[in-house]
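Engineer: Sequence:
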Amino acid sequence: MKKIVVFILLIIVASGTAFCQAQQTPKTFILNGKVEVKETGKPIPGVSVSTNLGDYVLTNGLGEFKIKVRIGDELVVEAVDMETVRYRIKGNDDVLIQVEDYTLSRSANTKSVTQRHETLLDSAERYKDKDIEKSIDFVAQSISILGKRGQKKELARSLSKLGEIYQYHKQIDLAIDNYEDALEANKTIKTSLLLAKVYNMSSRFNESIILLDPLMALKTMVPYQRVTLYELMGDAKKGNGEVLQAIEFYKEGLLIAEKNQITPKLIDLNSKIAEAYSRENKIIEAEAYFDNSLQLAEASAPLRALQENEKVADFYNEKSRFNEEINMRKRSLQDIKKLNTPKLGISKLDQADTITSQRINYKIANAYIAQDRYNEAIPFLKKSIIEADTEDDLVVQKDATRKLSEVYKEKGDYTKALDTYQSYVALVDTLYIRKEQEISRANRINRDIANAQSRLVGLENERELSQSKYDLALTEQQLVEESYKRQQWVIYSLIFGLLLTVLAAFFFYRSNQQQKLTNNLLALKSLRSQMNPHFIFNALNSVNNFISKSDERSANRYLSEFSTLMRSVLENSEEDFIPLAKELEQLELYIKLEHSRFKDKFDYEIVVDDEVPVNNYQIPPMLLQPYIENAIWHGLRYRETKGLLYVSVKVESNNSVAICITDNGIGRKKSASIKTQNQKKQKSKGMGIIQKRVAILNDMYSDKVSINISDLETDGSGTKVLFILKKE
Numbered sequence: 001m002k003k004i005v006v007f008i009l010l011i012i013v014a015s016g017t018a019f020c021q022a023q024q025t026p027k028t029f030i031l032n033g034k035v036e037v038k039e040t041g042k043p044i045p046g047v048s049v050s051t052n053l054g055d056y057v058l059t060n061g062l063g064e065f066k067i068k069v070r071i072g073d074e075l076v077v078e079a080v081d082m083e084t085v086r087y088r089i090k091g092n093d094d095v096l097i098q099v100e101d102y103t104l105s106r107s108a109n110t111k112s113v114t115q116r117h118e119t120l121l122d123s124a125e126r127y128k129d130k131d132i133e134k135s136i137d138f139v140a141q142s143i144s145i146l147g148k149r150g151q152k153k154e155l156a157r158s159l160s161k162l163g164e165i166y167q168y169h170k171q172i173d174l175a176i177d178n179y180e181d182a183l184e185a186n187k188t189i190k191t192s193l194l195l196a197k198v199y200n201m202s203s204r205f206n207e208s209i210i211l212l213d214p215l216m217a218l219k220t221m222v223p224y225q226r227v228t229l230y231e232l233m234g235d236a237k238k239g240n241g242e243v244l245q246a247i248e249f250y251k252e253g254l255l256i257a258e259k260n261q262i263t264p265k266l267i268d269l270n271s272k273i274a275e276a277y278s279r280e281n282k283i284i285e286a287e288a289y290f291d292n293s294l295q296l297a298e299a300s301a302p303l304r305a306l307q308e309n310e311k312v313a314d315f316y317n318e319k320s321r322f323n324e325e326i327n328m329r330k331r332s333l334q335d336i337k338k339l340n341t342p343k344l345g346i347s348k349l350d351q352a353d354t355i356t357s358q359r360i361n362y363k364i365a366n367a368y369i370a371q372d373r374y375n376e377a378i379p380f381l382k383k384s385i386i387e388a389d390t391e392d393d394l395v396v397q398k399d400a401t402r403k404l405s406e407v408y409k410e411k412g413d414y415t416k417a418l419d420t421y422q423s424y425v426a427l428v429d430t431l432y433i434r435k436e437q438e439i440s441r442a443n444r445i446n447r448d449i450a451n452a453q454s455r456l457v458g459l460e461n462e463r464e465l466s467q468s469k470y471d472l473a474l475t476e477q478q479l480v481e482e483s484y485k486r487q488q489w490v491i492y493s494l495i496f497g498l499l500l501t502v503l504a505a506f507f508f509y510r511s512n513q514q515q516k517l518t519n520n521l522l523a524l525k526s527l528r529s530q531m532n533p534h535f536i537f538n539a540l541n542s543v544n545n546f547i548s549k550s551d552e553r554s555a556n557r558y559l560s561e562f563s564t565l566m567r568s569v570l571e572n573s574e575e576d577f578i579p580l581a582k583e584l585e586q587l588e589l590y591i592k593l594e595h596s597r598f599k600d601k602f603d604y605e606i607v608v609d610d611e612v613p614v615n616n617y618q619i620p621p622m623l624l625q626p627y628i629e630n631a632i633w634h635g636l637r638y639r640e641t642k643g644l645l646y647v648s649v650k651v652e653s654n655n656s657v658a659i660c661i662t663d664n665g666i667g668r669k670k671s672a673s674i675k676t677q678n679q680k681k682q683k684s685k686g687m688g689i690i691q692k693r694v695a696i697l698n699d700m701y702s703d704k705v706s707i708n709i710s711d712l713e714t715d716g717s718g719t720k721v722l723f724i725l726k727k728e
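The numbers in the UniProt record's numbering rise by one with no breaks, and the one at position 473 of the sequence shown is 473.
Everything labelled a hint here was simulated from the structure, so no lab data went into it.
Please note that a few of the clues may not be correct.
So the derived label-pair ranges between C-beta atoms look like this [said to hold, decoys possible]:
id, residue 1, residue 2, range
1, K68, E324, 55 to 61 Å
2, V395, P264, 27 to 33 Å
3, Y414, K27, 56 to 62 Å
4, D173, K382, 40 to 46 Å
Heads up, simulated DSS-like pairs for lysine-lysine below, C-alpha to C-alpha not over 27 Å straight-line [stated by the list, open to error]:
id, residue 1, residue 2
5, K411, K338
6, K152, K34
7, K134, K27
8, K27, K68
9, K66, K38
A virtual CB, placed ideally from N, CA and C, is assigned to each residue, including glycine.
Work out the full structure, taking the sequences as your base and the hints as a guide.
Structural biologist: Right, here's the structure in full:
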């Protein structure tokens with residue numbers, strides 16, 4: 001069992017004046033209190049607080065409550081999973097109830113609040129016709145337990161129920177206001193139909209039509225609601241004077257009611273169609289539909305049959321068919337006798353106090369009087385007066401007494417006419433006093449209703465203010481989230497743009513590199529194509545030299561060896577690199593050809609170190625030949641004595657070899673000085689082509705080949721060409 005600690009917050013009375021004021025405190029007062037968890041101070045909503053006199057409230061979302069009490073009343077505080085507390089009221093001090101070891105269960109609390117909300121609305125319905133103030137108070141409690149924000153659906157149900165209460169008590173304006181508030185909170189078909197009905201009751205037919213018209217297109221309405229929709233639309237059209245359109249709507253509703261056997265609506269719609277035809281003076285059609293409504297009512301229930309019987313009697317009265325009216329009224333009197341009750345338990349508010357035997361007798365008398373059948377009217381007037389006196393129905397008693405006085409006067413019995421008239425005057429005085437009392441009572445009820453409505457408006461304003469604060473906080477949170485999303489979007493956009501820029505730069509760079517590679521390849525191909533004619537031209541000059549000397553045999557041998565060399569050169573002309581072994585073979589073949597021309601000018605020697613893996617190194621084709629050619633033609637050829645051409649290949653490092661070409665010719669400087677004028681005009685293409693090829697290859701393959709040319713001796717004689725060739 002959970003423990004409850006109740007703390008009474010005492011207001012200390014310090015003076016005799018305050019004591020006197022306390023003595024003057026009214027018998028009843030509003031006690032303020034709060035229920036909370038002791039350990040955390042969190043409020044506990046939905047706790048039932050009641051008194052032994054029947055007043056009942058629930059704590060709101062802040063755990064607070066207000067309840068009407070008197071000194072000496074017993075306050076009962078109870079809830080699920082909580083020990084019931086009983087406290088005797090000793091003063092008007094605020095009450096704080098603290099609950100130990102209490103765990104708030106949100107789901108259970110939500111379910112409990114929903115159930116209590118339903119219970120409170122049921123209680124409001126139960127007291128609707130008995131105690132309007134109490135009924136309204138239950139609705140107020142149903143709104144209070146929803147908390148500061150409340151649930152829209154439940155709030156709308158509370159407001160709609162409040163509208164029903166006001167409608168029942170003919171407070172039409174208040175009913176309309178609450179129905180409209182309910183629709184604003186949560187639009188439902190039921191509330192829309194209720195609001196349309198009170199619009200029709202207050203002759204606001206255009207507003208009713210505007211409200212009902214959108215519902216026509218809905219497909220989700222149940223048959224009863226659909227029938228009610230057509231009935232209300234017909235009422236609105238009839239109110240606007242569009243009677244024929246009203247009949248069409250009534251008939252549409254009647255078809256649905258017949259299809260779904262909705263008997264109460266079958267009676268109502270037949271009766272309303274009859275009344276509409278009656279307004280249009282279509283008597284035959286009106287009688288036909290009244291016959292239908294009477295038959296259906298008789299098969300339904302005695303009370304309903306009586307109501308419909310009186311409607312038909314009123315119809316006969318309007319059409320001055322008094323004999324038929326009298327027969328219908330007498331039939332109603334027989335039905336009342338069978339039921340053995342003067343009022344049939346029918347509410348005066350619902351039936352306008354017309355279904356009573358005294359009023360029916362009065363109407364029968366009026367029908368006789370309309371035909372100047374005074375003797376037949378007098379018994380019914382007397383019976384009406386006696387029954388009205390028994391039922392304390394002063395209005396009918398007054399009217400019947402006045403009418404009886406007039407009948408006596410018409411018959412010439414002035415003594416009875418005067419006596420009856422004096423009774424009439426006395427009844428008027430009595431009725432006047434009663435009317436004043438009723439007006440006073442009505443004013444008091446109106447004040448109570450106004451106070452109750454004010455409390456409800458206060459609750460609703462408080463809820464709306466809290467909702468506004470909540471919505472504002474929610475909006476601020478949404479704005480922060482939107483701002484964060486925008487910042488993220490900007491950041492992601494910048495990152496995406498940067499990635500696009502980097503990607504574009506990469507593709508641009510790669511495109512440039514590919515273009516550069518393509519250009520280099522084209523340049524190499526062009527340079528190789530220039531190198532081959534240059535070499536062939538020099539070789540053909542040597543052949544021409546043999547032919548000019550009439551050395552046919554030497555020329556043939558030279559051409560044979562030359563063709564072998566040319567075949568090898570052409571085979572490798574399309575390659576950027578060839579194995580170093582192939583290049584050395586071509587170089588040796590070329591030196592051999594040149595040596596056959598200048599045997600007396602030089603000897604040659606090619607030395608390849610055994611440690612050099614000549615097949616593992618790649619070298620551009622025809623790279624060494626131009627330097628050999630220069631050594632022979634511009635250095636060794638001009639020696640007076642026989643020179644030496646020396647080619648060596650040695651290991652330079654782990655991934656490079658050194659190729660050294662040396663000659664002990666006259667040297668570069670002296671060779672340049674002895675050139676003929678014609679030779680000076682002709683620029684050597686071989687060295688220029690080699691330099692371009694090496695530059696392109698080094699750009700493509702990261703300095704694969706390096707060339708260094710220097711004088712062999714300090715006096716400028718001889719030339720040394722050093723190649724450093726790297727592996728891939």
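Engineer: Take the hints in turn and mark each one as holding or not.
Structural biologist: To see whether the hints hold, each was checked on the structure:
Remark: the range hint 55 to 61 Å for K68 to E324 is upheld by a beta-carbon distance near 57 Å. Checked against the hint of 27 to 33 Å, the C-beta distance between V395 and P264 comes to roughly 30 Å, which is consistent with it. As the Cβ distance of Y414 to K27 is approximately 58 Å, the hint placing it in 56 to 62 Å holds. Between D173 and K382 the Cβ separation comes to about 42 Å, which falls inside the hinted range of 40 to 46 Å.
Restraint check for K411 and K338: the C-alpha separation of about 35 Å exceeds 27 Å, so the hint is violated. Proximity of K152 to K34 is assessed by CA-CA distance (about 25 Å); at most 27 Å being required, the pair is judged to hold. In summary, the hint linking K134 to K27 is supported, as the alpha carbons are separated by about 19 Å, within the 27 Å threshold. For the hint linking K27 to K68, the alpha-carbon distance of about 10 Å falls within 27 Å, and the restraint holds.
This hinted pair checks out: K66 and K38 have alpha carbons roughly 20 Å apart, not beyond 27 Å.
Checked against the numbered hints listed earlier, the structure breaks hint 5 alone; every other hint is satisfied.
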